[in-house]
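Q: Residue numbers (this note's numbering), protein chains in the order written: chain A, 1 to 257; chain B, 258 to 514; chain H, 515 to 771; chain Z, 772 to 1028.
Derived by calculation from the structure, the hints in this document are not laboratory data.
Incorrect hints may have been included.
Unchecked claim - Within a straight-line C-alpha distance of at most 27 Å, the following computed BS3-like cross-link-like pairs (lysine-lysine) qualify:
no. : chain 1 : residue 1 : chain 2 : residue 2
1   : A       : Lys106    : A       : Lys165
2   : Z       : Lys877    : A       : Lys106
3   : H       : Lys519    : B       : Lys363
4   : H       : Lys640    : Z       : Lys897
5   : A       : Lys126    : B       : Lys383
6   : H       : Lys679    : H       : Lys519
7   : H       : Lys679    : A       : Lys165
8   : B       : Lys422    : B       : Lys262
9   : Z       : Lys936    : B       : Lys422
10  : H       : Lys640    : H       : Lys679
11  : H       : Lys640    : A       : Lys2
12  : A       : Lys3      : H       : Lys516
13  : A       : Lys2      : H       : Lys516
14  : Z       : Lys774    : B       : Lys260
15  : A       : Lys3      : H       : Lys517
16  : A       : Lys165    : B       : Lys259
17  : B       : Lys259    : Z       : Lys774
18  : Z       : Lys936    : H       : Lys679
19  : Z       : Lys773    : B       : Lys259
20  : B       : Lys383    : B       : Lys422
21  : B       : Lys422    : B       : Lys363
22  : H       : Lys519    : H       : Lys620
23  : B       : Lys422    : H       : Lys519
Unchecked claim - Chain H is nowhere near these chain A residues, computed Cβ spacing over 12 Å in every case:
no. : residue
24  : Gly41
25  : Val60
26  : Asp62
27  : His136
28  : Thr200
Glycine residues also receive a C-beta, built at the ideal position from the N, C-alpha and C atoms.
There are 4 protein chains.
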Amino acid sequence: MKKIKVTVWNEYLHELQSEEIAAIYPEGIHGCIAGFLQAAGMETRTATLRQVDNGLPQDVLDATDVLVWWGHLAHGQVSDEVVDRVQRHVLQGMGLVVLHSGHFSKIFRRMMGTACRLRWREAGEKERLWVVAPSHPIAQGIPETFVIPHHEMYGEPFDIPQDGKIIFQSWFEGGNVFRSGVAFERDRGKVFYFSPGHETFPVYHDPVIQQILGNAVRWAAPSGYVPDRITRQPVSPETIRTENPLKSLDTTALHKS
Amino acid sequence: MKKIKVTVWNEYLHELQSEEIAAIYPEGIHGCIAGFLQAAGMETRTATLRQVDNGLPQDVLDATDVLVWWGHLAHGQVSDEVVDRVQRHVLQGMGLVVLHSGHFSKIFRRMMGTACRLRWREAGEKERLWVVAPSHPIAQGIPETFVIPHHEMYGEPFDIPQDGKIIFQSWFEGGNVFRSGVAFERDRGKVFYFSPGHETFPVYHDPVIQQILGNAVRWAAPSGYVPDRITRQPVSPETIRTENPLKSLDTTALHKS
Amino acid sequence: MKKIKVTVWNEYLHELQSEEIAAIYPEGIHGCIAGFLQAAGMETRTATLRQVDNGLPQDVLDATDVLVWWGHLAHGQVSDEVVDRVQRHVLQGMGLVVLHSGHFSKIFRRMMGTACRLRWREAGEKERLWVVAPSHPIAQGIPETFVIPHHEMYGEPFDIPQDGKIIFQSWFEGGNVFRSGVAFERDRGKVFYFSPGHETFPVYHDPVIQQILGNAVRWAAPSGYVPDRITRQPVSPETIRTENPLKSLDTTALHKS
Amino acid sequence: MKKIKVTVWNEYLHELQSEEIAAIYPEGIHGCIAGFLQAAGMETRTATLRQVDNGLPQDVLDATDVLVWWGHLAHGQVSDEVVDRVQRHVLQGMGLVVLHSGHFSKIFRRMMGTACRLRWREAGEKERLWVVAPSHPIAQGIPETFVIPHHEMYGEPFDIPQDGKIIFQSWFEGGNVFRSGVAFERDRGKVFYFSPGHETFPVYHDPVIQQILGNAVRWAAPSGYVPDRITRQPVSPETIRTENPLKSLDTTALHKS
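One chain only, chain A, in its complex shape (with noise of 0.2 Å):
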């Protein structure tokens, strides 16, 4: 069975910023979430906001099956041409996972149309998650409810559209409550969002969060579709009243593009 390929995206400043941050993270948050996906079996590389292209040129994107998307501190640095980018290849199938403080990323934001505002506080507090889709593939050996026992707190109102499929909600010991994982279909991509990871906090370790980003590329990845040629050419109106019963019109009708 072929391989999922995953590229891990993340700015990758806090890491080279503290030290403390460095001491969990030794090998960025990038290089944390590859290995135990690639430990999970999937073929993993990873991207980073200083490189040329930010990391993420034509090529590594055709040759990626989902993107794992953490940034915080520079969302502003990504091009709009890699937004772009990224977007056309999400709605052409690639899968999208977004992380944390990732909701604020102009690639996110772009795909959910809204601000993806959210109240916060960082407080260390303990937040508790709920299963609320126990039968969704991303919810897969997951229990019914766990804790991060230190946590910034992502709070609800959160202003995305309405046709996420809501698969955890958390509870913050403060009093607030939060979707937590929200999993979208836009064209023939697979957008998920899990606010968990905190850069100062070990949530990447955690095995049960681990399983759930595994869970989570495997649901993403495209399912195999290959999308029909797609002419560019309008047809007359002859042509396509003259059609044979259980035979496609691909050939003679077009894609607006």
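Add chains B, H and Z to chain A, keeping to what the hints say.
A: Below, chains B, H and Z alone, put in the same frame as chain A:
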């Protein structure tokens, strides 16, 4: 302006069986709710389980814009005929506001098509509600977050259909979260589920809760639409093809029923 | 790999009452459908209305991954007990594929919560279907558009819940449109409605229709998830507060049921 | 009662380039639409592509309840700054009604997060629209079905998000179907896409189309909600824990922005 006609239904058993509960709701939960809705400008009546036809014969429903439902101990004693009748009225435009343990009523499960199960615990713990959809009519004038000091816990997972619009989410002291206010549309009717209202706490005396229920009734009230006359005979294809541009076909087509 | 176990249910009245229909489906509509699904690698059985328990006792449903449903003349003769039983199985994960006039069956209306009315006309007119969600599993391998040369018209408005994912839309020669393939999720179960299949036309002999039904059965089959053991007693709040980080609470909480 | 303030935006190129189109819309498509909306009791203004800031500077949008958008030839000439500004206003509550080839405008694609592609054909063929959601405000007073005698064909598949509520569906003489009227909510704003309105046909002179656009503007207008003041500093967990029951926390929490 025409007043909204509200019928408040209550199984009305707890108040007769417990002095403690009767002290909180001396006129019954239905009396309390009808009272504050009337004060808010609505025309109210009440109906209870032990009445003929469970208090909901055809003529009562014909004269009802919005039905409010509170039940707990005796869901099974509501007759299937009444459930059928209420469902028919909702699909034709009557609003339905289902409260607290009414999540498990025959009529709510009928409207949802699911079992409407949830987790629960009676510990008199604090419940904090958050407004998740701040621009929804049901949230107008409601603070972004507010507390019920002591309440029964209702928790996820809650197996309702995905197209419910989430207006409120709850946080519980003991560690649970819940979609506590969810709005559905079913054919011409609107359905709102709102979880606060355990019988041993004075929840319906709370002015914020009262405002939410008033908002919910106004939202659920029919918009005044009069369904087209529905003819009973199929039409010949010739008829439907002889249309006049921009004229309705409503005399030449039919609902299957 | 384990075969998917399919039970094809048919009221099986038309074929016994009409020589013309018996000529199209000599082994019944159920026999035809079971035949091509078996050829596609599934383990099939059939069940019909006149059998004991309408052919669907507990042990049959326990051994069914996906139930296919065709009914038309005798929806009212399916017992409510059977409808309750089928609904319970669907909510626990059994797939349900409802065909053609099954839109008006008790079980489909139960799952939807609406009346499931539509407009119709028998004129043997041309129906053209379009794939609206080309990357959905049910559309795999299906041409973007194809024709049923002669069919009964089913038209909008169709009063189903909004969370159905539209896979196919139909165009009719006489001027109507219809959401002819719609996919729902309800708790752990999946439901697909597909409108083609009027008894007087050889629709189920069409290889494109056969592929769609095979796809639908594979999509609706349960993913293998085993629900958690559900305990029956409420828990004290102390218990739920003494959680171990990252451990499930499933022995200390309960479903209300 | 306060009038709804509508700004009708048109790229205004076709009418200047083609005598045939100018004859249909002597005051521009924007002039025609603004005219009948004004006659319906709204306060209207117009804006066009070639004006400074594409006619949509901050003060114009600040004074707009609903923006109507018609564009076709020059989507790329609308500045990204204007698109950002319109999106911000929509998310804060301004309604947006996007017409015909505006499906491919920067602002509609921004709000949707998808490419918004569709199939099309110019053959002057008959389009029949059906009301799919008869109780929706946008469908009030509209016949269940009506015809545009000659129109450009827009057909499925149309890659918009799943949470759009389908109000109208179209049938085309040549064999296509289309979701021709779809309503979205995005944060505090409402977005309605309506496909009729090709420049070479007098579609906006049709009284049924005019009523639909009037309904759409009234539906999309903001409900009068004033967002809470949003503070800019995070709060300590102690603050959020010291809540007063039933009092808002709005001074102690914040939106991340």
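Q: Failing hints, ascending?
A: Violated hints (numbers, rising): 3, 11, 16, 23 and 27; every other hint is consistent with the structure.
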